[in-house]
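Asker: Quick note, the sequences are listed as chains Y and C, same order.
Here the first sequence is numbered in the numbering used here, starting from 4 and rising by one per residue.
Here the second sequence is numbered in the numbering used here, starting from 28 and rising by one per residue.
Worth flagging that the hints you see were computed from the coordinates, not collected in a lab.
Glycine included, every Cβ here is placed at the ideal spot set by N, Cα and C.
Hints are supplied without guarantee of correctness; some may be wrong.
[Said to hold, decoys possible] Between beta-carbon pairs, the in silico distance windows are:
| # | chain 1 | residue 1 | chain 2 | residue 2 | range |
| --- | --- | --- | --- | --- | --- |
| 1 | C | 335 | Y | 243 | 24 to 34 Å |
| 2 | Y | 125 | C | 35 | 50 to 60 Å |
| 3 | Y | 243 | C | 338 | 42 to 52 Å |
| 4 | Y | 134 | C | 165 | 29 to 39 Å |
[Claimed, not checked] One side only, chain Y facing chain C, incomplete, derived with CB under 10 Å:
| # | residue |
| --- | --- |
| 5 | 67 |
| 6 | 70 |
| 7 | 71 |
| 8 | 94 |
| 9 | 98 |
| 10 | 101 |
| 11 | 114 |
| 12 | 224 |
| 13 | 226 |
| 14 | 256 |
| 15 | 281 |
| 16 | 284 |
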Amino acid sequence: MKKVLTLVVCVMLVSCIVVFAACSNSAAPAADTTTEAPAAAEEPAAAGASEYAGDYEITTVVKLIGIGWFDRMEEGLKEFADETGNTTSMLGPPQADAALQNQILEDLIAQQVDAISVVPFSPEACEPVLKKAMDAGIVVIGHEADNLVNCDYDIEAFNNYAYGQDLGALLAEAMGGEGKYITTVGSVTSKSQNQWEEGGVDYNAENNPGMELVERKLETQDEQKKAQEIMVEMLKKYPDLKGFQGATSQDAPGAAQAVEDAGLIGKVFVVGTTMPSISSKYLENGSLYAMACWDPAQAGKAMDALAVLCLDGRRDEIGPGLALGYEGYNDIQLNEMTEVTENPERYLEGSAMIVIKNVEEMAQYPF
Amino acid sequence: MEKSKWKRLTEKNEFYLFFTVVALIVIISVINPAFATVSSVIDILRAGIELAIFAIGMFMIIVLGGIDVSCASIGMFAMFTTTKIFYEAGYTGPLFPFYLVAALFGLMWGLANGVIITSLKIPPMIATLATNGIMTGLLLFFIGSREISDVPHAIRVENKNFLLTVTNEYGISSSLPATFLVLVGIVVVVYLLMRFTMLGRNIYAVGGDETSAARAGINVKFTKIFTYAFAGIIFGIGGMVHTIMMANSNPVDLTGNEMITIAAVVIGGARLTGGHGSIFGTLLGVFLVTIINNSLILIGIPSFWQRFVTGLVIVVGASISAYQALRTQKQMNIEIAG
Numbered sequence: 004m005k006k007v008l009t010l011v012v013c014v015m016l017v018s019c020i021v022v023f024a025a026c027s028n029s030a031a032p033a034a035d036t037t038t039e040a041p042a043a044a045e046e047p048a049a050a051g052a053s054e055y056a057g058d059y060e061i062t063t064v065v066k067l068i069g070i071g072w073f074d075r076m077e078e079g080l081k082e083f084a085d086e087t088g089n090t091t092s093m094l095g096p097p098q099a100d101a102a103l104q105n106q107i108l109e110d111l112i113a114q115q116v117d118a119i120s121v122v123p124f125s126p127e128a129c130e131p132v133l134k135k136a137m138d139a140g141i142v143v144i145g146h147e148a149d150n151l152v153n154c155d156y157d158i159e160a161f162n163n164y165a166y167g168q169d170l171g172a173l174l175a176e177a178m179g180g181e182g183k184y185i186t187t188v189g190s191v192t193s194k195s196q197n198q199w200e201e202g203g204v205d206y207n208a209e210n211n212p213g214m215e216l217v218e219r220k221l222e223t224q225d226e227q228k229k230a231q232e233i234m235v236e237m238l239k240k241y242p243d244l245k246g247f248q249g250a251t252s253q254d255a256p257g258a259a260q261a262v263e264d265a266g267l268i269g270k271v272f273v274v275g276t277t278m279p280s281i282s283s284k285y286l287e288n289g290s291l292y293a294m295a296c297w298d299p300a301q302a303g304k305a306m307d308a309l310a311v312l313c314l315d316g317r318r319d320e321i322g323p324g325l326a327l328g329y330e331g332y333n334d335i336q337l338n339e340m341t342e343v344t345e346n347p348e349r350y351l352e353g354s355a356m357i358v359i360k361n362v363e364e365m366a367q368y369p370f
Numbered sequence: 028m029e030k031s032k033w034k035r036l037t038e039k040n041e042f043y044l045f046f047t048v049v050a051l052i053v054i055i056s057v058i059n060p061a062f063a064t065v066s067s068v069i070d071i072l073r074a075g076i077e078l079a080i081f082a083i084g085m086f087m088i089i090v091l092g093g094i095d096v097s098c099a100s101i102g103m104f105a106m107f108t109t110t111k112i113f114y115e116a117g118y119t120g121p122l123f124p125f126y127l128v129a130a131l132f133g134l135m136w137g138l139a140n141g142v143i144i145t146s147l148k149i150p151p152m153i154a155t156l157a158t159n160g161i162m163t164g165l166l167l168f169f170i171g172s173r174e175i176s177d178v179p180h181a182i183r184v185e186n187k188n189f190l191l192t193v194t195n196e197y198g199i200s201s202s203l204p205a206t207f208l209v210l211v212g213i214v215v216v217v218y219l220l221m222r223f224t225m226l227g228r229n230i231y232a233v234g235g236d237e238t239s240a241a242r243a244g245i246n247v248k249f250t251k252i253f254t255y256a257f258a259g260i261i262f263g264i265g266g267m268v269h270t271i272m273m274a275n276s277n278p279v280d281l282t283g284n285e286m287i288t289i290a291a292v293v294i295g296g297a298r299l300t301g302g303h304g305s306i307f308g309t310l311l312g313v314f315l316v317t318i319i320n321n322s323l324i325l326i327g328i329p330s331f332w333q334r335f336v337t338g339l340v341i342v343v344g345a346s347i348s349a350y351q352a353l354r355t356q357k358q359m360n361i362e363i364a365g
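Please model the complete structure; the sequences and the hints are all you need to start from.
Answerer: Structure representation (structure tokens):
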């Protein structure tokens, strides 16, 4: 009996492995199915007309595949391929994991792609691999990683601090410039989220003396449930609370749910970084005043455009004032928030903040 | 008679835990009187529903002498797969099928855990760690990693289905959601099962001493598989409750919750060695953990310190249980010696 059982288990294991191997084999090219050269060849005129026309192979490696955010980025990359004739693709681990991301980067070095654009899970963790890529002559462009050392350029959607200030201004607008408010971050160690928070808080401290920050940087651990519970607790502690500024995509919807359930729509105002696919219902019922974000599709195009400029040997064109031709990236500036001192002119930023305040605007951003 | 009754009471872990909870409530209320209100009670009950459901499933397994670190993943798998199926099908019917399908997924994984543990004789910790990995892998790879916020109509309706709503003097409402009834149902069923059925007594017996239980004619294998499977159903339902309460199904949402679940059960007096524990104790443990998690900001403990304080309370709570166990054991030894 036991032998039979062991045999059955072994057979099951082996078949599982076979199935998985088959799946991952078919999945790898499936993830690659962005526009290949033929599609571009059908429209040679369009491709030739683009400033970034070329025959380069540019692969984007993201933190995590299968989520709305990066699906949207992939759409942008496909459009870039259609417009320019380059071959673009997007890869990423199915789980947010620095080691898995490094594996993918290693594979790309072996494949000798022309350029890698990367949205690292942890910039520090992928430095050695990216150094290897650069040594192999591959152009490396980073995004959401303004302390990445081993890259040709890093492009941020915006200045994190300025984005925070705009978020703070949005909250002030909702609150009429007065009342108590709180702020959250996913974790006090998350750099950009803390910069956003500080931008907002500083802005209101300077411009709206009527606004009182009662608690700041409460940690939501990126969980809607936690954000909701924090808001419930805060409403108890400060019954006259009037505003909430969130950082992770889960903060604002969680707080909005608490506001809705407490019957305080129109009395307490929630703003934060989040996106339509997560928070549409709260914007619709008014418990969320406004959401702010940036469009990953445009960010993807901007990364690949920079890659093409590098590959074409047109690096001298890259600098303050550069217009890439994509919404939010038409007046590139140097990013002064970077902590890297070596060649700081490599760190760039756009002005790609999007603010969505009503349902009509939401329809333009399906991600 | 009176004395022995009192003595029996003081030997109970729940007795001390109950006073710990009361003391905690008093301390928090003194620091911030806003805590001592009816709306607070409702808010705490609401915040604890999900943890309580998971803890009751875990309680059964710990009494059995096992452990299940895949509980959060079972819940996650059940809730997300169920939501996805109904979402893709454009389902517009009533809510019950959601619970049913989620319970079935829970049963499936619970059975898998039970069978792997009993047939392959793998220690429960390792076995469930393995199924945990398999489950999250399957979930993210085959079923999807994109959270569903546009949940089916029935979930949205249930999300706003409240048993009672209390509005305080500032016009802020606190509501107890209908999912509380799911918890009550589970508590009643598990209480009856553990207290009044042969099967329930067998779970205690197997947890106490597996060899003796087998010699006494108990079908140990069946008891184990049953417990893991039954707890699996509870985890599946617990996952669905999470989705309903958040009106959002995120396939990474519950990750890591297994630790707080186990902590709550252990604080509640169930011993990891098996054979001991009560539902009442488990619920007190959940209550303690939930109060701590939902009042640290209220009493002004800064973000940096919150995890520290939560950890500290778990250590203190668990040591009370451990100390009680030790004391009882010592007394027993004396009695035997005497």
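Asker: Hint numbers the structure violates, sorted upward?
Answerer: When the structure is compared with the hints, numbers 3, 8, 10, 11 turn out to be violated.
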